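Listed here are the chains, written in short residue letters.
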Amino acid sequence: MRAEAASERRRVGPEPHPRDAVRDHLVLAVNGQLHRVGGEAAFGTLSDFLRRDRRLIGTKIVCSEGDCGACSVLVGEPRRSEAPSVADGGGATADGLSSGALRYRAIDSCIAFLHQLDGCHVITVEGLAGRAEAQSLAELHPVQRSMVECFGSQCGFCTPGFVIAITDLLAEQDRTGSAELDDEELRVGLGGNLCRCTGYAQIVDAVREAERSAQSLAPAACADEQALAAVLGRASREPVRLEHRGRVLELPRDEQRLLAARAARPAARLVAGGTDLGVRFNKGQLSPSEDVIDLGGVAGFGGVRLLAAAAEDAAAGGRLVCGATARWSELLDAIEGLPSLADLRQVLRRFGGPQIRNLGTVGGNLVNASPIADSLPFLYVASARIELVSQRGARWLPIEQFYRGYKQLDLEPDELLRTVEVRVPDPGTGERLLLLKASRRRDLDISTFTAALWMRLEGERIDTVRLAFGGVGPTVLRLPRSEESLRGQRLEMERFRMAGEVASSEIRPISDVRGAAAYRRLLARQVMESFFRRLHGEQEEVA
Amino acid sequence: MKRDLDRPGGSATLGGDAASSAVSWPRRPIARQPGQPPHDSALGHVQGSARYIDDLPLREGELRIALVGAPCARGRVTRLDLDAVRAAPGVVGVYTAADLPGANLWGPIFHDEPVLAEEVVAYLGQPLAVVAADDERDARAAAALARVEVEEEEPVLTIEQAVAAGEFIGPQRQIARGDLEAGWERARQRIEGRFESKGQEQFYLESQAALVVPEEGGSLLVYSSTQNPTEIQKVVADALGWRQSQVVCEVLRMGGAFGGKETQAALPAVFAALVAFHTHRPVRVVYGKDEDMLLTGKRHEFHTDYRIGFDERGRIVAAELDVRSNGGAYADLSTAVLERCMLHLDNAYHLPAVRIGARVCRTNLPPNTAFRGFGGPQGMAVIESCMEEIAARLRLDPLDVRRVNLYPADEASDAALTPYGQRVRGNLLPEIFDRLEQSSDYRLRRREISQHNARTDAWGEPPCVLRGLSLVPVKFGISFTNKTLNQANALVNVYTDGSVQVSTGATEMGQGVNTKLAMIVAQEFGIDHRRVVVRPTSTEKNNNTSPTAASASTDLNGAAAVKACAAIRERLAELASGLLAGSTDGLAPAPEQVGFEGGAVFDRRAPERRIDFAELCRRAHVERIDLGARSFYATPGIDFDRETGRGCPFAYYTTGACVAEVRVDRLLGTLELERLDVLMDIGKPIHLAIEMGQIVGGLVQGIGWVTGEELVYDGRGELLTTSPTTYKIPAASDLPRDLRVEILDNDLNRHNVRSTKAVGEPPLMLAIAVWTAVRDALGAAVALGARPGDLRIPATHEEIARTLSGCSVEEWIAAS
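Taken in sequence, the protein lines are chains C and P. In terms of this note's numbering, the first sequence opens at residue 1 and continues consecutively. In terms of this note's numbering, the second sequence opens at residue 544 and continues consecutively.
No wet-lab data here; the hints were simulated from the structure. Small disclaimer: the values here were computed from a predicted structure and weren't measured. Positions of the beta carbon are idealized from the N, C-alpha and C atoms, including for glycine. Certain hints may be false.
[Claimed, not checked] Below 16 Å or equal to it, Euclidean Cα-Cα: the simulated EDC-like pairs (lysine to aspartate or glutamate) are: (1) C:Lys283 - P:Glu834; (2) P:Lys1026 - P:Asp1182; (3) P:Lys777 - P:Glu1083; (4) C:Lys283 - P:Asp1182; (5) C:Lys283 - P:Glu679; (6) C:Lys283 - P:Asp681.
[What the hints assert, rightly or not] Distance ranges between label pairs, derived from CB positions: (7) C:Arg495 - P:Leu1327: 41 to 51 Å; (8) P:Ala958 - C:Ala179: 32 to 42 Å; (9) C:Pro427 - P:Gln732: 39 to 49 Å; (10) C:Thr464 - P:Glu1004: 26 to 36 Å; (11) C:Arg495 - P:Ala1358: 36 to 46 Å; (12) P:Asp1071 - C:Gly337: 24 to 34 Å; (13) P:Val706 - C:Ser383: 53 to 63 Å; (14) P:Gln717 - C:Ser287: 38 to 48 Å.
[What the hints assert, rightly or not] So these bits of chain C aren't anywhere near chain P, every CB distance computed over 10 Å: (15) Ala129; (16) Gly156; (17) Ala179; (18) Val231; (19) Ala264; (20) Pro266; (21) Ser289; (22) Trp396; (23) Leu397; (24) Asp414; (25) Arg440; (26) Glu458; (27) Ala517.
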């Protein structure tokens, strides 16, 4: 156990800092109680802090990689001081969990660094019920009670994570005001948690049972939320700089301070969502002496905006502008109900699980530069541009120029990704966007192969075509020869089959743990027919 | 005898009604029946207060450990330099085989596996040394500094390689029955080929873990996450050169096990015990997920060469099956798993003339081990694949082929004899077939699906989405095939306030055995289940216990507990009969007339006069009557001779069947489960909701085995799928759109406690129906070049795509 984890419990908040004063410790709340944390713990994971330092053993660790959800906790954030984002709707809303002072979402605590929780309220499974170790059903939170009544737990190891995820799911339902979760919402909502005992049916029963419950979803630990939110809101605007054994951790709050910090520490670990870094930290792959800059709370780097082209359609033909630290769940919320981006929504709902999407950022997926990053084929065909900033100024470049090779970026040591901007297809002018994600499992899986096709049709003739595949080379690839084989052609099966043949010869996939090269080549060929059938109006599909 | 078969559905249904549209998740929850308790740990589970090994409070001076493992899968160790490890910060001690005071060989059947490898390493990562430090990170960092040099040898990794190298574990086994020569003469047609199923990771969520606490006077208390506390006690004692009486093993609960903790919880516990022995400090070990998946054994991969002769109706007249399993580096339970496979190759079908030969192959992988089904799934899948092939050959509906081969209801018939000579008695499978065929609308759906698949689209091709349908039965033998293990003891303590503690050798891994035992005991005394507590399993209270395995724990431990209760009840009845007679005119004391019901005792001849159960217990204590009992149970009438392959290994069979409908995208190989209908005979359920949890849980685990779960190794014998990132167990969305589960509630099973039937393992094999349904769907793409007969287990999207492409495995690899 780490003795140096300096954490002390306080009923009242830390002294308010003047606007430009720098705090030298983290401030966060756990189950209604404020904590000041410095030392090694500030650089570690949230789950270690909960289990080791706070002895909150209800949060379980299984995989340490965000792929099972056993470590799920709820995190309440003060509304971020952004330019109003679509996701925020310009103001916080009340939901089943909260009066609206804080916005709660479930995350995987095993891959979240504690410093990402600065200014947040963490609710663990212990914070849901009215008192510690309730001995009767009546004292339980409604989700807990439903899980007991419906036999949603067998061995119990995944159960706390499910209880948290279900609570989040039902709160989201509250927020959207829907009467009953549809099957898709239920599936997506449970997609971040694994259970090996139950086969899920009785967990699904528990969700339905809890849905019918009239009892408030509000965790007991949220009783005094307003006061807590005020303290946390203040804390989330304060810059933090703490040192421990020669390591520096910085949480800038504005762009100026961030760019200065980056210029001063070009080798520091940059953390936004941390969903990939957290995994590498747990596997011992990160330097234990690295400085850290956490840019999750920097104003002007987050948010999702839709700039509409046509007044009557919120999106079609317009532009989608994402801050680098916008989370995937924010983006999903922003494109909810937009037919022009239905495929993107489908793919994003299979991006990680809800807990990952609530943590992971758009910019992180780009800078991580994985050739199987789920968002990249879309960004390639949507002609995305990205904005890079440093103290020297800002520059824009097309996304394809950002990637030079496997994990090689056109990014100077002092530069940071700030914005991603794409055009939204406009079906009214014949534009179509088709995306495919192939993976071993439908939900919570990394792609074996991804594909994106952007087309503009002039009547039956293909006017514009852009095609990009992921998982078939060191970077996401555009397929110029396949595109050429379609350009100017009629929308016909034979053309697409031929394009598929060209595509499968245009790529050099490798065999790895997610699939054989032969499989990827087959997918590259067949996806074109699959896309054609969809364009042709065949709806039937196996997800 | 009551036959409750006419009551529709027996009681519980999951799932939408037939009329509802495509999307209908299981909707109608199984309501908790009145008087049925929740799972006994449920309140702790949902609040996070139920403790597992890693949650137990930190002990004063506690150490954590890390392992130094073999850098390659096979070779001779030429250098093991641990100086840098010893000098690393925080390290308290480093221990090798030389530091083991006792034997460096262990194993549940053969003692052939070293606790710590010495000169030879036999699988990648095999532990060579244990590093102890105050902090786990220090221990791991230090272990990484070890310098291990091994003179590498070419590892044997596959069944083919082992056969070629003559590497086997245990002897060749055979089961044979009937006149094969005559059978082949009768055969109109024959099929032959090789069937392959891959391994499966247990994927319990709580990794292997133990906490060892030294106690006074040379003894150790071992808290272990194990299905087999007696084995832990023995292995620890042997390794330390101690007597078994010096070691106590206690199990509170496991965060899942599924067979993976039947034997393989032992090594981590021994490692911790070794450190505790040398340091006299408490030692805790909790494997990381990657470490656990890399180092521990899994469900066995099997290859079976089959040759089946059949008549024009598809009736099998001759069957020759040659089975090989991939056992890994040491014996572990492999020979027993092989045996159960051989005993389930018939699944539910009469094989009049049959010869089964089988052998375990030795390879340089971690020793493979128990996993729910224990060889049964691998055996049944072979014959079910053959059923599909026979039907395709004869152009019959596979259901009709299965039907003509099914063991009959008439137990006197010659066709009720299994290959090993046991008679299939009380067989409800013909009835299950009839009911399921009707309730699932099998024939109607078969017609619809055939029509759908026969359609051609605008380009003259079969539809992009192919549909498949299949009904598969399961007949699973209950009892350990090792006769010795079919025993149990139970300790029942009644207290003077009428509350009760029960202790047995059964361990709780989520399956609800504690809840069921509490119900059984409560019913014996006629008291509310809340008065009964099942205590953590401990070798101190129950000695020489069998593992919680083979689905038999409620059977064995429940029967022992019933006997203990009966002993106490008899004494209480004696006392009560006097008390009741004394206060009722003209009643002579008659203990046999004393009833226990509703928390009270009464004389059946004058039931209005009642004594509260607690009051009776208080009186008993005053009268110096023993309120505790320890009882013993051994399953009668079972025996199996593995040398001759004949006998009666099973007390009874649990049976059931599943109808699966799937959809396959023939372009991309993707698969979706449309609907599953399950009907099982589990006798008289003790706790319906818990049994349903076992059925659905087992089924979904089986779906993982036959579809998405794939273990991938590299050429060095290193497992590449060592975490949920790359190893994909079913998620919630992998449930079928429509899932209907019913049971045939009946009290026909006289061979088991309370007319119940074991339910732990059998449902897993229902999932074979999903695989055969995929195969069925692929049959519609034969004209496009698909080769459905090539499909292996698991039918991953890639495997489906390969089969559709017509590529053989060799061609597929060559193209990659």
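Of the hints given before, which are not true for this structure? Failing hints, ascending: 4, 7, 8, 9, 11, 12, 14, 15, 16, 25, 27.
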